[in-house]
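Asks: The listed protein sequences derive, respectively, from chains A and B.
Just so you know, the first sequence maps onto residues 0 to 220 in numbering that gives the first Met the number 0.
Just so you know, the second sequence maps onto residues 0 to 75 in numbering that gives the first Met the number 0.
These are computed hints drawn from the structure, not numbers from a lab.
We treat Cβ as the ideally placed atom computed from N, Cα and C, and that holds for glycine.
Hints are supplied without guarantee of correctness; some may be wrong.
[Said to hold, decoys possible] To spell it out: a stretch of chain A is covered by chain B in this simulated footprint if at least three of its residues, at any positions, have a beta carbon under 8 Å from a beta carbon of chain B; those stretches are:
| no. | segment |
| --- | --- |
| 1 | 48 to 62 |
| 2 | 105 to 118 |
[Claimed, not checked] Pair ranges (Cβ atoms, derived):
| no. | chain 1 | residue 1 | chain 2 | residue 2 | range |
| --- | --- | --- | --- | --- | --- |
| 3 | A | 156 | B | 39 | 51 to 61 Å |
| 4 | B | 61 | A | 160 | 27 to 37 Å |
| 5 | B | 19 | A | 152 | 45 to 55 Å |
| 6 | A | 169 | B | 19 | 48 to 58 Å |
| 7 | A | 202 | B | 12 | 36 to 46 Å |
| 8 | B | 28 | A | 123 | 54 to 64 Å |
| 9 | A | 113 | B | 50 | 43 to 53 Å |
| 10 | A | 56 | B | 24 | 36 to 46 Å |
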Amino acid sequence: MKSGVVVFPGSNCDRDLMTALELVTGKKPVALWHDDPAIPADLDLIGVPGGFSFGDYLRSGAIAARAPVMRGVADAAGRGTRVLGICNGFQVLTEAGMLPGALMRNAGLDFVCRDVALEAVSTDSHFTSLYQPGETIRVPVSHHDGNYQADDDTLDRLEQQGQVAFRYAEPVNGSARDIAGVFNEQRNVLGLMPHPERMVEDAHGGTDGRRLFEALLAALG
Amino acid sequence: MKARVTVSLKPGVLDPAGRAIHHALEGLGFKQVSDVRVGRVIELDVAAGTTEEQVADMARKLLANTVIENFRVELL
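Hey, can you work out the whole structure from these sequences and the hints?
Replies: Given below as structure tokens:
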């Protein structure tokens, strides 16, 4: 499985994600610079990491979503390449129109940084196949704008079509229907606010995030 | 020539910042306020002859997130 990780000005979880991917796959991911729309054609997975991007001016992820690299990411996703957006990466993917909904300021206005309980919802995907439906896992969150919102029709559709990947199993940020992560319709694009790459070895206090990367490795070889 | 784009949250979308401001206004004794919504005003210097539709295109593509926000364009 060959992977690449996008690097925007302000990304700060890109190295964490690369480290997790290398730990699980044994292969070093390539860095994808924000200003270069050319994405290597042989990538199986593109990671859009957490942190910040372009100062998150205007709205979180708004400027990054229009950066040249995202044209390449959208084209790759259209060809079926797996795309994983974590935290700011999730915000970027919604702003780019690659995932439904939007991420707003946390309902409590606080920056939330702690381990939270998540429920695995749709496990019929290359990202989540190693979780059991309804299983509770613990993964850290670290965000100010993680309040997932969409209109009721969109939320109904996401639930009916199995596009909800994870829900919060405790109050975190006011997200509609407690949604923590969603797929696109084809389920080759996943965005989630929690950080699975920060829960991949025992020293992290748990390894519940590791199975997401192991599932990708199992599916993509 | 200037254009002004006013971006506001759609009705019904929770506005935590507006709620906090409302609360602070009440704390200052302004009891007549029943709701506060926070938006954003973006002023652009544009070439003469720029149309309202061209500015609206900018708003749809970047300045507003139409999933959660409405916008209004004025040419000044």
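Asks: What are the numbers of the hints the structure violates, in ascending order?
Replies: Failing hints, ascending: 3, 5, 6, 10.
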